[in-house]
Each structure stands twice: as C-alpha cells, then as structure tokens.
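All residue numbers in the sequence shown are consecutive under my numbering, ending with 352.
Calculated from the structure, these hints are not laboratory results.
Treat the hints with caution; some may be incorrect.
[Unchecked claim] Okay, the calculated beta carbon distance ranges per label pair: (1) Leu327 x Lys233: 36 to 46 Å; (2) Thr319 x Ile345: 35 to 45 Å; (3) Ser307 x Leu254: 15 to 25 Å.
[To be verified] Below are the SDA-like pairs computed for lysine to any residue, each with C-alpha atoms no more than 25 Å apart in a straight line: (4) Lys234 x Arg322; (5) Lys239 x Leu252; (6) Lys233 x Leu286; (7) Lys270 x Lys233; (8) Lys270 x Arg322; (9) Lys239 x Leu249; (10) Lys290 x Leu254; (11) Lys239 x Val250; (12) Lys290 x Ala303; (13) Lys270 x Ile338; (14) Lys290 x Ile271; (15) Lys233 x Leu300; (16) Lys270 x Met329; (17) Lys270 x Lys234; (18) Lys239 x Ile338; (19) Lys239 x Val342; (20) Lys348 x Gly293; (21) Lys239 x Pro320; (22) Lys348 x Gln297; (23) Lys239 x Met314; (24) Lys239 x Val275; (25) Lys290 x Gly337; (26) Lys348 x Phe299; (27) Lys234 x His292; (28) Lys234 x Leu247; (29) Lys239 x Leu304; (30) Lys270 x Ile248; (31) Lys234 x Gly311; (32) Lys234 x Leu300; (33) Lys239 x Ser307; (34) Lys234 x Ala245; (35) Lys290 x Met314; (36) Lys290 x Ala341.
Fair warning: this is a prediction, and the values are worked out from it, not measured in the lab.
Built from N, CA and C at the ideal position, the CB exists for glycine as well.
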Amino acid sequence: MKKVRDYKFTILCACLILVALLLPSSTFRKVPSFFGLDKIAHLVLFFLFALAYMLEYEKVHGRFPQIFLTLALVLSFVIGSEMLQLLTPSRHFELLDMAFDTLGAGIAFAVSRIVRKQGKR
Numbered sequence: 232m233k234k235v236r237d238y239k240f241t242i243l244c245a246c247l248i249l250v251a252l253l254l255p256s257s258t259f260r261k262v263p264s265f266f267g268l269d270k271i272a273h274l275v276l277f278f279l280f281a282l283a284y285m286l287e288y289e290k291v292h293g294r295f296p297q298i299f300l301t302l303a304l305v306l307s308f309v310i311g312s313e314m315l316q317l318l319t320p321s322r323h324f325e326l327l328d329m330a331f332d333t334l335g336a337g338i339a340f341a342v343s344r345i346v347r348k349q350g351k352r
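Whole structure, please, built from the sequences with the hints as guidance.
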C-alpha cells in the first residue's frame with residue numbers, strides 16, 4: 232500500500248489516460264476538432280504521466296530515475312494503452328499516437344533533467 236501512496240499522482244495520471252483513451256470516440260463529438268488536437272492531447276497526457284513518475288521516484292528514492300527504467304515504464308504503458316484500444320469498437324491502434332506519447336514523455340524527461348541540473352548550480 233505504501234507504493235500506491237508513494238506513486239499516487241503517477242497512478243492517477245495513468246488512470247486518467249486510460250479513461251480518455253478507452254472512452255468511446257462519440258464521447259468527444261462536441262469537442263471542437265482541428266488537425267493535431269488529438270496528437271497534442273497524447274503529448275500532454277504522457278508528459279504529465281512521465282513527469283509525475285519522475286518527481287515521485289525522486290521523492291521516494293532521493294535520486295532521479297535512470298533513463299532505462301523510465302523508458303521501460305513509459306514504453307510499456309504506451310504500447311499497452313494503444314493495444315487496449317484494439318478491444319474497443321470505436322478506437323484503434325495508431326503508431327503516430329505512440330510517437331506523440333513517447334515524445335511527450337521524452338520532453339518531460341529532458342525538461343526535468345535540465346531543470347534539475349540548473350538547480351544544482
């Protein structure tokens with residue numbers, strides 16, 4: 232139970248992402264649509280997920296997570312969330328979504344590294 236408490240924001244972000252990605256596409260009909268909005272949403276959601284994970288990891292372990300560990304977690308979640316969409320009637324697996332998911336997480340990793348290094352000066 233301590234792990235759940237330690238990573239509560241990471242888990243919350245993951246749950247919100249899954250809900251957003253698995254809701255029927257008809258849920259978002261009233262949302263204004265323009266080119267790229269879906270991809271920006273993927274980028275932002277996975278940016279927040281990765282940022283929450285890295286901040287909570289650092290708080291628990293007193294150090295920044297290794298890039299391999301972060302990459303493994305994020306890629307597993309990216310692939311898993313896209314594959315889950317195959318189980319829904321109105322959603323589908325998209326490589327471009329996966330690219331934007333990974334890009335969002337990568338930006339979070341890079342920004343947090345830069346900010347951390349700047350804070351140590």
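Against the 25 Å threshold, does the CA-CA distance of Lys270 and Ile248 hold or violate the hint? holds (13 Å)
Please work out if Lys233 and Leu286 have their alpha carbons no farther apart than 25 Å. Holds, at roughly 16 Å.
Holds or violated: Lys270 to Met329, with C-alpha atoms at most 25 Å apart: holds (9 Å)
If you draw a straight line from the CA of Lys270 to the CA of Lys233, is it 25 Å or shorter? It is violated: about 34 Å lies between the C-alpha atoms, which goes past 25 Å.
CB-CB spacing for Ile345 and Thr319 relative to the 35 to 45 Å hint: holds (37 Å)
Are Lys348 and Gly293 close enough, with their CA atoms no more than 25 Å apart? Holds, at about 15 Å.
Restraint check for Lys239 with Met314, where alpha carbons must lie at most 25 Å apart: holds (24 Å)
Pair hint outcome, Lys290 versus Ala303 [Cα-Cα no greater than 25 Å]: Measuring from Cα to Cα gives roughly 20 Å; hence the hint holds.
Between Lys234 and His292, is the straight-line Cα distance small enough, at 25 Å or below? Holds. Lys234 to His292 sits at ~12 Å (cutoff 25 Å).
Given the hint that Lys290 pairs with Ile271, test it: the Cα-Cα distance must not exceed 25 Å. violated (28 Å)
C-beta pair Leu327, Lys233: status relative to the range 36 to 46 Å that was hinted: holds (38 Å)
Given the hint that Lys234 pairs with Gly311, does the C-alpha gap stay at or below 25 Å? Answer holds: Lys234 to Gly311 is near 21 Å, not above 25 Å.
When each numbered hint is compared with the structure, violations occur for hints 4, 7, 10, 14, 17, 21 and 35.
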